[in-house]
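In order, the protein sequence lines correspond to chains A and B.
Under our numbering, the first residue of the first sequence is numbered 5, with each subsequent residue one higher.
Under our numbering, the first residue of the second sequence is numbered 23, with each subsequent residue one higher.
If you are wondering where the hints come from, they were derived from the structure by calculation, not from laboratory data.
Be aware that one or more of the hints could be misleading.
To be verified - Below, computed lysine-lysine pairings styled on DSS-like, alpha-carbon distance capped at 27 angstroms: (1) B:Lys40 to A:Lys6; (2) A:Lys49 to B:Lys62; (3) A:Lys49 to B:Lys60; (4) B:Lys40 to A:Lys49; (5) A:Lys106 to B:Lys58; (6) A:Lys106 to B:Lys40; (7) A:Lys6 to B:Lys63; (8) A:Lys46 to B:Lys63.
Everything numeric in this text was worked out from a predicted model, so none of it was measured.
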Amino acid sequence: RKEVEQDPGPFNVPEGATVAFNCTYSNSASQSFFWYRQDCRKEPKLLMSVYSSGNEDGRFTAQLNRASQYISLLIRDSKLSDSATYLCVVAPVGDDKIIFGKGTRLHILP
Amino acid sequence: DTEVTQTPKHLVMGMTNKKSLKCEQHMGHRAMYWYKQKAKKPPELMFVYSYEKLSINESVPSRFSPECPNSSLLNLHLHALQPEDSALYLCASSQGPQDRSSPYEQYFGPGTRLTVT
Chain A
5 RKEVEQDPGP
15 FNVPEGATVA
25 FNCTYSNSAS
35 QSFFWYRQDC
45 RKEPKLLMSV
55 YSSGNEDGRF
65 TAQLNRASQY
75 ISLLIRDSKL
85 SDSATYLCVV
95 APVGDDKIIF
105 GKGTRLHILP
Chain B
23 DTEVTQTPKH
33 LVMGMTNKKS
43 LKCEQHMGHR
53 AMYWYKQKAK
63 KPPELMFVYS
73 YEKLSINESV
83 PSRFSPECPN
93 SSLLNLHLHA
103 LQPEDSALYL
113 CASSQGPQDR
123 SSPYEQYFGP
133 GTRLTVT
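Generate the whole structure from the sequences, applying the supplied hints.
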């Protein structure tokens with residue numbers, strides 16, 4: 005089983021719709037979880053850290069399910085500018101390394 | 023301020039050239055990273071420096087040589103590269119290793135797009 009798995013997509017979603025991504029991880033010692041977005045030919049940018057209690061930032065909601073070892077990202081009222089690749093990132097406690105998923109490509113359609 | 027800067031933005035070099043990539047952060051972060059990213063792939067870790075000491079080398083070929091002159095600067099020296107080394111090279115920094123109370127995010131610079139001819 006890969007360390008971090010994501011559906012590569014692409015997800016083609018009409019503007020205004022809600023879209024959800026899931027990501028599973030294999031190392032139960034993983035402690036920190038993040039979602040990054042990456043635009044074409046740009047660097048990854050931190051979108052959200054994911055906390056055990058779940059967290060929300062505007063149209064974006066992240067959830068963590070430790071028992072099932074997955075994290076999710078929900079985007080509501082999607083905008084054209086949300087088109088990007090979304091990278092799920094997992095880090096074990098006490099480690100400098102972070103593990104990237106392969107990314108999920110999202111295209112918001114006008 | 024969560025800015026990591028990298029120079030140059032673009033670099034074209036021949037297989038016999040020697041060049042260096044530079045990275046700088048002024049966030050007081052103690053860990054700095056080099057990643058290599060190919061198109062449609064996630065970033066691939068190359069090196070980690072922690073408190074200016076090399077802590078992780080992901081079996082990177084010796085034609086890539088990292089250097090950390092001080093806590094704010096990170097260099098990647100390139101020599102005798104191959105065309106397959108053409109990629110986006112990303113630098114990142116982080117406050118520290120993950121602990122149970124606080125996730126330490128990594129912040130990325132804009133990258134150097136390297137082409138080896």
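Status of each hint after checking the structure:
1. Taking the CA atoms of B:Lys40 and A:Lys6, the gap is about 37 angstroms. The hint is violated against a cut of 27 angstroms.
2. Our distance criterion of 27 angstroms between C-alpha atoms is met by A:Lys49 and B:Lys62, whose separation comes to about 16 angstroms.
3. About 17 angstroms separates the Cα atoms of A:Lys49 and B:Lys60, which keeps this hinted pair within 27 angstroms; it holds.
4. Of the pairs offered as hints, the one joining B:Lys40 and A:Lys49 is violated, with about 30 angstroms between alpha carbons and a cut-off of 27 angstroms exceeded.
5. In summary, the hint linking A:Lys106 to B:Lys58 is supported, as the alpha carbons are separated by about 14 angstroms, within the 27 angstroms threshold.
6. Restraint check for A:Lys106 and B:Lys40: the C-alpha separation of about 32 angstroms exceeds 27 angstroms, so the hint is violated.
7. Pair hint A:Lys6 plus B:Lys63 holds up; C-alpha atoms about 15 angstroms apart against a cutoff of 27 angstroms.
8. A threshold of 27 angstroms between alpha carbons decides the hint, and for A:Lys46 with B:Lys63 the separation of about 13 angstroms falls inside it, so the pair holds.
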